[in-house]
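Novice: The lines below spell out each chain.
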Amino acid sequence: MLEVSHINRSFGDRHVLRDVSFTVPPGKLTGFVGGNGAGKTTTMRIILGVLSADSGVVTLNGERLTEDSRRIFGYMPEERGLYPKMKVREQVVYLARLHGLSASDATRNATDLLERLGLGERLEDTVESLSLGNQQRAQIAAALVHDPDVLVLDEPFSGLDPIAVEVVLGVLKERAASGVPVLFSSHQLDIVERLCDEVVVIADGVIRAAGPREQLRDEHSSNLTELLLDGDAGWLREMPGVSVVDFDGGYALFDAEDEPARQRVLQRAVTQGGVLGFTRQRPTLAEIFTEVVR
Amino acid sequence: MTTTTTRPTTRTGATRTGLTFPQATALVAGREVQMRLRSKSFLISTAILLLSVLASVVIGGILSSRVSDDRIPVAVVGATESAVSDAPGLEARSVGSVEQARELVRSGEVDAAVVPDDSADNVTGLTVIGDSEVPSGVVSALSAVPNVELLNELGQSPSLAYIVALAFGLVFFLSAMTFGATIAQSVVEEKQTRVVEILMSTISVRTLLAGKVIGNSLLAFGQIALIAIIASVGLLVTEQTALLALVGPAVLWFVVFFLFGFVLLASLFAATASLVSRQEDVGSVTSPVTMLVMIPYFLVIFFNDNPTVLAIMSYVPFSAPVGMPMRLFLGTAEWWEPVLSLGVLLASTAVVIVLGSRIYSNSLLRMGTRVKLMDALRG
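Residue numbers (numbering that gives the first Met the number 0), protein chains in the order written: chain C, 0 to 293; chain X, 0 to 378.
Accuracy of the hints is not assured; some may be wrong.
Covered stretches of chain C, going by a simulated chain X footprint (3 or more residues, C-beta under 8 Å) [unchecked claim]:
| id | segment |
| --- | --- |
| 1 | 61-69 |
| 2 | 84-95 |
| 3 | 103-114 |
| 4 | 140-152 |
It is worth saying that the hints were derived from the structure and are not from the lab. From the three backbone atoms N, C-alpha and C, an ideal C-beta is built for every residue, glycine too.
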């Protein structure tokens, strides 16, 4: 479990992180969402020790992180880049060795990973001779080559083609399944919604929502109920204690003043004919996001 | 699976050990050296530099031996006549006594006198008498190395002193500039390409800076040592052994001073370069450090005959690598002076490394506009 507790950080007069706390549980993908300048990159840099926090701590399994314990982290910074004049494999091997791998292990891991990422033909080419997309893949190899025990990835999917996205996803899921906490930031809410078990929402340097995705959806679900009938739902307008928000033939979205009023609607609907759906409306991540950051 | 410390073995079975500071530094330094040695422009410019050193030594040797074709007039006294007439390029002029020989040397009628010497420590039994400078042409022409006695002790000849000053100044200037610019570019390359953030998340900034400074200092030191070796071998091959004996000790000190002096400059270059994010800005931001490299070069060329300027230069850390060997060559420094000056140099290098690494680590993640020096020092 990676735990971020009460982090504060200012740049000059700008207070960019205020009392930021959240956890990244092992074995799950945790999505970190927020607008531009919300504080995602700063938070990730502080987790990696690249930046220092003004106050607050980051712990892994209850222990404060040190320079040594951070070596087991895999990090993909938002600002991408590798040495342009180094060969692809040489570069990845170098980074693996800085993480403490032996020369032979580093070479083996780098070769396997680069081949898996589709760069098997380009191992001896310089990084600057690769296309931008392929440079991205090399960057991913650089973040994963030392078999990290914690993964922190800043916008890992931006700039990747769909095939590379799938490869990276596969690797991330595999690492998460083996018990590694995985934190990644994204502004593509649909990706986070689809992939992440846990979500952390940050805006203006403050954590606005954090927790399991489904729990968040429950917490932010409104009192609105969706009703789907195989016949016309026009009778709903005459029900006491009910106001219709949206209506379209057999579909209705309504707000009940209390639970008995809601239940009366269901009883009436059953007597009227076939009920295709009767659910409390749960918001999408995008809706939660717009609500909490407002 | 959760662990609290580094797993010895990873998912793929690779062994991951914590690197010590020297191990990580060696990796960084190794990369710097490797990448530099792969650069064709670096190899070519080094080859040109070494060839020109060799050429100047050989041409100097040829010129001095051509002078001796004119046969240097040498005064001899009885017993020493055979030693001089056997030597090529010397013209013996017999005189009656050692006193008469000295008189001829003083008047300039002959360049030197070769007289017998019976003292026990003189194995050749010869002493060469010169006027104000060591008659190196005569000394090297004799098959055995004789004692030398000077009538007007001035130290080294002014022309030789100028050449040595120019050589020390130029070699220091060229090497410090070449490798200073290299380390500055390498710092900015990491910032500009953003690779620095991955590096900072993997190893400490101290390790990164130390590796870069050590790697480039090794290269610079290697180049200086090669120049010293080639110059010495060149002097040996062209049989200018007397000159080598004169310059040798100063060259050794120069190499030692250069090693530490360059570490100081490299730290300054790295720290100042880290303030900017683009290669285009490297030149302007490092220009104060460039000045520190250029000033000793000009000073030693213009003031190599001014003992006060040289004495000050030999203690100021930036110019000591040029100033102290120069004074040692001229014989105006006491034996303890290079040791003291080296101590001053080491102490200031330590201070600069501390300040430099502070500037460096505070500037690395600040992209875009140039970081103000005071902001970088404050953090």
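Novice: State whether the coverage of the segment 103-114 of chain C by chain X holds or is violated, taking the criterion as 3 or more residues with Cβ-Cβ distances under 8 Å.
Specialist: holds (count 5)
Novice: For the segment 140-152 of chain C, do at least 3 residues have a Cβ located nearer than 8 Å to some Cβ of chain X?
Specialist: Check passed, 5 qualifying residues.
Novice: If you look at each residue in the segment 61-69 of chain C, do at least three have a Cβ nearer than 8 Å to any Cβ of chain X?
Specialist: holds (count 6)
Novice: With a C-beta cutoff of 8 Å, work out whether three or more residues of the segment 84-95 of chain C approach chain X closely enough for the coverage to hold.
Specialist: With 4 residues in contact (Cβ-Cβ under 8 Å with chain X), the coverage given for the segment 84-95 of chain C holds.
In terms of the numbered hints stated before, the structure departs from none.
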